[in-house]
Amino acid sequence: MLAERARRGDEHAYGELVRAYQGIAFRTAFLLTGSADDAEDATQTGFVKAWKALPRFRPGAEFRPWLLRIVANEAHNRRRSRKRREALGLRAAPEMASGGAVPSPEALALEDERRRELLAAVNRLDERDRDVLACRYFLELSEDETATVLGVRRGTVKSRTARALERLRGEVAS
Amino acid sequence: MNELERALVALGRELAVPDAPDLAPRVLEALDRPTRAPRPRLRLALVLAAVLVAALLAALAIPDARSALLRFFHIGAVKIEVVDELPTVAPDPPELDLGSALGRRVSLERARRTAGFDLRELADPPDRVYLGPRGTVWFLYGRPDAVRLLVAQTPKLWIDEPFILKKLAAAGTSVETTSVRGGRAYFLSGEPHEVLLLDEYGLPVHDTLRLARNTLLWQQDGRTLRLEGDFSRDEAVTIAESLR
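Protein chains in written order, with this note's numbering: chain G, 442 to 615; chain H, -11 to 232.
Mixed in with the good hints, there may be bad ones.
Said to hold, decoys possible - Using 27 Å as the maximum straight-line C-alpha spacing, the simulated DSSO-like pairs for lysine-lysine come out as follows:
(1) G:599 - H:144
(2) H:144 - G:493
(3) G:490 - H:144
Hints listed in this document are in silico derivations from the structure and should not be mistaken for laboratory results.
I would like the entire structure built from these sequences, with the hints used as guidance.
Put into structure tokens, the structure is as follows:
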């Protein structure tokens, strides 16, 4: 197992781990900071800190949420140092996937508009709401993984998600 | 999953997230190899700590023998007298509602059922029991505004030894390395205010001490235990070794 080999000091194994997890780690950091530069910096620093913390990593524990929590902490640190909260927005991809049968141009435009409205509503939420929604739905993490990444209890993830969804409904309706 | 949740998952898959760069070469280059081995000063500290432990074990040889004898004859009550004789301590700060700060008050029986691990207990039951964050079980002897002894045990926090040895000592807390049942323990005095523990992922958790008095900290049977009170190191070790 790569994590166990890395824990014993095998740098080659750790390099393999970095390549295996850098995609989800970078995506996590980007969704929390909204900045590619900050995400890259947070991810790289997170991997270095994780290496140093590996002797304390419990054998048998899940590596992914453990790593993502360290990266998320780094991302939060960079986000806090930013002055302008509005600079953290997410952008929709220029090419939206249509999926299924070929829809009409009007249907595509309507779908695109709905997604942009939903994204704008997500961006209006406060950081706590947006973070839990990003973990649960954009990163598609389980409740347990989200609890680890955000450093809260599983019950807190459930209640925080429910409240964030309720506020998001309000934002979409407004 | 309802319609809004499905829409969020679909949205997440279409967000413009840049491709992750290949960070492996930079990460491997940045690894600070010497930190994997103890640094010279830390190594010196560990050696000194080991020497101190050996010296303390020798010094404590007679009390250990006495404890073993007492255990053999099941004279546990002798140790409880130590708790009864401890002076009471107010919370720090004094206006702190200690009961609320410790967590939810429960019966000892309920704590035993819900802790998720076998509690280590003194012969005399605590006056109050609380379930705190991170699965911590608190035993309070005395009253919340006049505490004789606090006992905390948690299966999810671990001792950060380098922090204990270096940073707390540098911050003015006196740190003595001692022994509880043959395992390493730390006696903090000089008005310690916090300990740095590690959670199950090895990430640091700052924990404020509830009483600005002395603290004994050690790991035993897969958990971290902590005593807080106005006791000497030897009294604390005696109480710690009376926990069953």
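Structure-based check of each hint:
1. G:599 - H:144: Holds: residue 599 of chain G and residue 144 of chain H sit about 21 Å apart, inside 27 Å.
2. H:144 - G:493: holds, 20 Å
3. G:490 - H:144: With a Cα-Cα distance of about 21 Å, the restraint between residue 490 of chain G and residue 144 of chain H holds, given a limit of 27 Å.
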